[in-house]
Amino acid sequence: MSKFEKNDNCGTSCGCGSQTEGYWQDVENKVLDPQAVSKEFQDGEFDSFSVEKSRRSFLKIMGFSVTALPLTGCIKIPVKKAIPYLHKNDTVIPGVANWYASTFKGVPLLVKTRESRPIKIEGNDKSMTTMGGVGSQQQASVLSLYDSNRLNGPTISGAEVEWAEFDQKLKEDLKAAKESGKEVLIITPSISSPSEITLIKEFTKAYGAKHIAFDGTSDYSQVKANEISFNAKAKNSYDFTKANVIVSFGADFLGTWGNSSTNTKQYVSRRDPSSSEGMSRHIQIEPVMSLTGSNADYRHTKSLKDSRDIILGVLKSLTGEGPGNTSNNDIVSGIVKELKANKGKSLVISNDSDINVQVVINKINQAVGNYNSTISVMKSDYKICADDMAFEQAVNSMNDGNVAAALFVDVNPAYSFHNSKKFESAVKKVSTVVSFALSNDETSVLAKYNATANHTFETWSDSLVSDSELSFTQPVIQPLFGSRMYTETLMSLMGKSGSFHDYMKSFWSKDFYPKSSGFATATDFWNKSLHDGVVSLDGLSKAASISSMNASSYAKKVASIEYSSGLNIVTYQKTAIMDGDMANNPWLQELPDPITKATWDNYVMVSPMYAKENSIKTGDVVTLKSKDHSVTLPAIVQPGTEKNTVAVAVGYGRKVAGKVARNLGENAFAFYTYNRGATQTADSFGTLAKTGKFKGLAQTQTHHSMEGRDIVRETTFADYSKNPKAGNEKKAKLVNIYPPDHKKDGHQWAMAIDLTKCTGCSSCIISCNAENNVSVVGRQEVANRREMHWLRIDRYYKGDENQPEVMHMPMLCQHCENAPCENVCPVMATVHSSDGINQQVYNRCVGTRYCANNCPYKVRRFNWFNYDRSDKLANMVLNPDVSTRTRGIMEKCSMCIQRIQEGKLQAKRERRDLKDGDIKLACQQSCPGDGIVFGDMNDKDSKIAAFLGSDRNYTVLEELNVRPRVSYLTKVRNK
Amino acid sequence: MKKDYVIATFECDEKVLHATEKVVAKNIDIYDIYTPFPVHGLDEAMGIKRSILPYVTLLAGLTGMILAFSFQMWVFNISWPVNFGGKPFMSVPSFLPITFEFTVLLGAHTTVAAFLAINKLFPGKQPTIIDPAQTEDKFIMAIDKEKANVDDLTNLLKEQGAVQVEVQNLDLSI
Amino acid sequence: MKKLFGALVALVAFGAFGAFVVTQARQIGFNQGYQPDQPIAFSHAKHAGDLKIDCKYCHFGADKGRHAGVPPTELCLNCHAKVKTNSPEIKKIQKAVDSGENIQWVKVNHFPDFAYFNHSQHVNVAGFDCQKCHGDIQTMDVVKQEKKLNMGWCIECHRGNEIAPPEDHKRAAGGDCSKCHY
Amino acid sequence: MSDAHVSKFRQKLITEDRSYKQISEDILDTLEAPPTKGWFIGFSLSALVLTIGTIVILYQVTTGIGTWGLNKTIGWSWDITNFVFWVGIGHAGTLISAILLIFRQRWRTGINRAAEAMTIFAVACAGIFPLIHAGRPWLLYWVFPYPNTRGSLWVNFHSPLLWDVVAISTYLTVSLVFWYMGLLPDLASVRDRTKSKMRKFIYGIASFGWNGSTKTWHHFEVLSLILAGLATPLVLSVHTIVSFDFATSVIPGWHTTIFPPYFVAGAIFSGFAMVCTLMILTRKIMNWENYITVGHIDAMCKVITLTGTLVGLAYGTEFFIAWYSGNEYEQYAFINRATGPYWWAYWSMISCNVISPQFFWFKKLRRNMTFVFIISIFVNIGMWFERFVIITTSLHRDYLPSSWAMYSPTWVEIWTFIGTFGLFFTLFFLFIRFLPGIAVAEVKSVYRYARENK
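Protein chains in written order, with the numbering used here: chain A, 11 to 985; chain B, 1029 to 1202; chain C, 13 to 194; chain D, 37 to 490.
If you are wondering where the hints come from, they were derived from the structure by calculation, not from laboratory data. Glycine included, C-beta positions come from ideal geometry on N, C-alpha and C. Some hints here could point you the wrong way.
[Claimed, not checked] Quick list of in silico lysine to aspartate or glutamate cross-link-like pairs, EDC-like style, CA-CA up to 20 Å: (1) A:Lys122 - A:Asp928; (2) C:Lys76 - A:Glu402; (3) D:Lys251 - B:Asp1199; (4) A:Lys243 - A:Asp410; (5) A:Lys743 - D:Glu325; (6) A:Lys122 - A:Asp751.
[To be verified] Anything over 10 Å on all C-beta distances counts as not near chain A; from chain D, calculated: (7) Glu61; (8) Gly74; (9) Ala83; (10) Phe139; (11) Ala170; (12) Trp178; (13) Asn192; (14) Met234; (15) Phe237; (16) Ala301; (17) Asp334; (18) Leu349; (19) Tyr368; (20) Phe457; (21) Arg469.
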């Protein structure tokens, strides 16, 4: 895959939303016109074939009865226009994809564009940090770009204005604010972009402003604890590859906590039972089941109080400091034993938002020598972390009328601040409020000025993705709306001329070029870095000195935390929705939560024990009341939840948002409290009451037990070490009536999935959606069990429902050699290819659904309706190489056949043989754990051949003799 | 083609059967007997040749069978071989249901067509009806006038219980 | 006899009508011979025939990717900035480039969206001449759809080149459904 | 019939003494008279239901299969249940006319015409479902292997659905010609009896110029035997092939070799029950007690008891084999049928199909028309549930528990099903109004049965 530098001159002007129909593939409306596709980048009206199209459908409806029409010769051939580019552009060849490197939410990635239209995100495997890992939010970001709810340009008091007028008026107001002697605040989220930070510093200087970083859910407790412990206001950097033992207290590091793609990549690299280093051991102590907890070797369902008690116990055992624990002695001694055996090679982490707990955790890590081995604390000028206390003070200051102007960049405190009412009334006392929102949100509607900002893929920026690696953000499309990069707005307010691109380039040549080596000029360095997307440099950050400290007093403070009576209300983030800033993305809303398998909603998680005692069923609408907040949501009975804990996800209950996110669920940020110097995410207590109503949840899986069936095969590391075939001894005796009649030469495609490496993160599902134009069906249709995902992740529980073991199993079309679906289709819409793929021919399908019934894996998906493709802007994301499917058609995993064809063709064009790894499927590419392997099983040296030959390899439902081409490797737990 | 026929009307199936036996015994050819329902043994008594319909059925059925089987075989082995769920191209069991059904289909419809053709029955045909009651409760015997002595025949038929015997000029070929 | 003759005539007439309807019905959606007027009186006979300009000079996508592509309007001016600048047709092009109001060509050869066709596979890999599918384009003043462009036409050629079943699965898997349909 | 001896065991097939003319009058005079009030009400009601059904189907076809309650796990439910239900009902007519003809069961003459008509109407109702259950019904002509411009691209002769298409269309057309050939003598009789010119014209065309010639009767009887000979294996093959839809699949509860005989027995069972239901109504409405006698109903009840018991045996065998196979999926599928979320459907099926026909061991009950009527309705309900149990409960929990789901019908499915009853009864009312509801010629030919010579 080749990467090209972004050509700044990608078209004469932007389309500004004047889209046209007919540039995507569609089985029924069969028009794809490469020139029409590129229309977005040129001027001029383009009225396609609408009249002719209706004629065509008329003919279709009339069917055979109008066949007499040609007799009279009056039929006309539908006129299709072919509109070329106006100007020459050597980099864009219609039908050939270009790839550009960029970054989204701190993850380096590659953006695939077709005819200059971003359509797909893949990980950038040049990055030393993420090594190609990419999460579901990154995958889905390309759809957010085409969000038709985005604002069309700057507004003042709701009225659209020109940028010049906007700049002038805002400048005047800011000047007045500066002169008023009151505070000017610029509020951003945590930033790790060196050039943005530099620019903001200049801005604060120019306007005497104060920069405050605010995150809805912050890592402030950890940052503050590091300040206390090591005098370093920085987050921890973890290296999971070096950890033999990982003890996590509630931290969902594989899902929502920290850089989960990187964490997953590193974590999974130590989960290979056949590696010489052996497997890492993962112990998770948490009150509610998280994605990370579901992957743990040992998982203990403990209340928040018990978790903290265990932390104190571990501290006491290791160092003798603090009051020690009062319960759970066995768990404490187990952890201590593991930690002592793996000094310097373990990790203790916690997501606790209490600063004192984090100090104790620091001390534990220090005591077992983990610093500068598995953990480092790196100070950097290029990173600014969120500060709960500063923002709390800022709100108070606003409330007191001491703030004259406030600029909200990419933050939405009116939604995600724990006391949004207080914030709203405070903000009303600020005379000049500026928002930089892309589309209206709870905060932007409070602002007088909205300096509509660009989407990341229309933006120049950089970011520090690790302590030593920089990643580029470059625009891959002209702004679709009349928005502007927020950095350029700041520049304009400062009276600076030029673009942010130029600003950044000069910043780079000043600050980073000297740190590089091997480049003749700063421009060479810039071009190479931009081409690769990432660059590693020394001296970007500096290690804090790890001095010894005594944690006794902090431990005492932890022990003295008071807990109210009632249910402990714990908040958490869902893997897809997280803080809710991307809540208007339908792909993310429809992505099933890896644990609950629920979509389109948040809900109150209760433990099976509590549910039994109070006769609550999944779907019962309950009211959860804390001291000053209450939500009414359906309940979900979730195994692995602590009895006196209930959990609600944040990210829902958006009141001002696009039509997708609006009024889905309820806002749980209000259960946050500001306490003990930080925002506490689990400090609320309350009561639960049934309302008597019922609201079925849109879950993609409702039966959670394997019923003792041989579906996920698993074993323990101890057994595996003795016998690599452990857990995989069963071998079905297969009998064929017919002699084999089909050659298996040439390429024979096969896939293998390592269940030990699959964490269930679901990044693959979004990747598949984007690659294959999979329809979004909405909440009701998911509740009707009609989701369209070609790839799903089955999640099964085993054992005690309070401490269940969890299994994740990606399930997709198994491409059976003896496929039961193929025999039964009357019209040959699904048949086998010579290279071993179960083909589905959409245009031949009449929709009997017989194939889906006869599929033992139930992976076929039927188009029950014509799913909504009316949002023409959102249709820009469609992959032009894959037909969209209309109603009445069966679809399923095609093994990314378009990628296979493209890979083969590429090799042929280059007059060479296909190499292993030339073709990567969408799910495989996006898997941060590298758990999916695909290739030609006839190639003996390929990775897939090794996987197929593994002792752990098996196929699901082998005894049916359908001979799947997708196989699995047994799950190994380190027990 | 009108001709003179001796037309005898009976009111009882037994009687017309006996009469037929008597007439045939006298070596007189009966042109036809029109009855409201099939009178058992009447066709044998009249000496009607066995129907060729069974042979038509056999031939058509065999044709259907060979056509259906060879077509399926040709499609999957010669015209466009396709791999369906790993089954061999020549998977005979799969071809049997359609072969059977097509055998029956062609056999049945060809036989019906042959039946209609032999008896010259077709929609809209206007047959010669001697007495409208011949499809209700009258049994009507028609004998070519030239094939027998009308008076003797009349007597014989009256003797056998014919309620009426007369000579009519009719076109019975339709 | 007369009736029989009448019936025979009716039968033959019915059969002929049926055959005619079926043949016509089979043509629906296939536009062989389609030769629409174009906004610019561009002659392939002149450029490709007389002047022997390489097809890929204008249709530069043909050996690189899926679409051969209609050339960017500006490309015409590579020559016509100097050649025949006074021609009313060239003036139209000049005007389009200057004003930004692009030329809307009428598409002649069209495949439905559910059939994937890649030019580079045929032009670059197989090494076919353009004429194989587009006919003697170098003699056409106005471009015409020369071939049927239906599935049977594709299959016929693929069979002839031994890449469709039953002959060979290995060489190019050219007969698999998902070669074109996905 | 020439011997004067009359067995005292033989029951008269036509209970009262009638002349041939009177038989014609009894049966054919209704065609001449204006419709009765009862007929008019029945017909209007049926036509109304048919109209609603048609509108609902139009809505479904234009909106999508999503208007039904199906989902990713349960791809067929009411649609195919109704299809198999109606096909099953459509087995009695041909069975009565073909198999009973071969076995020389003379009592069939009283009911065969109506039963055959019922067959055709039921198959027509059944045929609707495969059409409308398809996602893109307007493309269904692709199931026919006609030469085309795609290469030619043929069809999949491995697919049981294709076998279905061939079997059902063969069955429908063969039944139709069989029935129509039988109608010719009676249509001729109507033509010759009527005074109305209009009717004379229409029935003249419809009767193909039948004149009752013995030469024709000779061929006619041979034709009847041939068609019966062909229809007998055909009728058995049709439900066998319908059962192949399930038997050749891999889904536990479907993949069962017992299905062909089990389905055929069930079809005869439900078909006879439906004939009972209709005949009890018809003999009452049309005053045909003389021709459709208690003896007919009695005989049919015996067939119902036999086939019902056979079906019960099949249910038991299925359970036994599931246990005996040692296949965990198979075992679960059957335990789930009896005790899972759809237990009520299973036990409805057992009580209606296995238990209720056992009452017919008692002659008194067999001859009690009200009782037979009620039981025949129960049997039809039970047989509908049988298909629902086989199709839906097998699908809703198959191999991977992650995909297990539940199903409930929407109003669209319910009204589509009711609509097919509208079609069925509309056609049936039209039939008894415009066509001879009893085979007059055949009844006349058996009138002498168990009677002294005149």
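Quiz item: So which hints don't hold here, by number, going up?
Solution: 2, 4, 5, 6, 11, 12, 13 and 19
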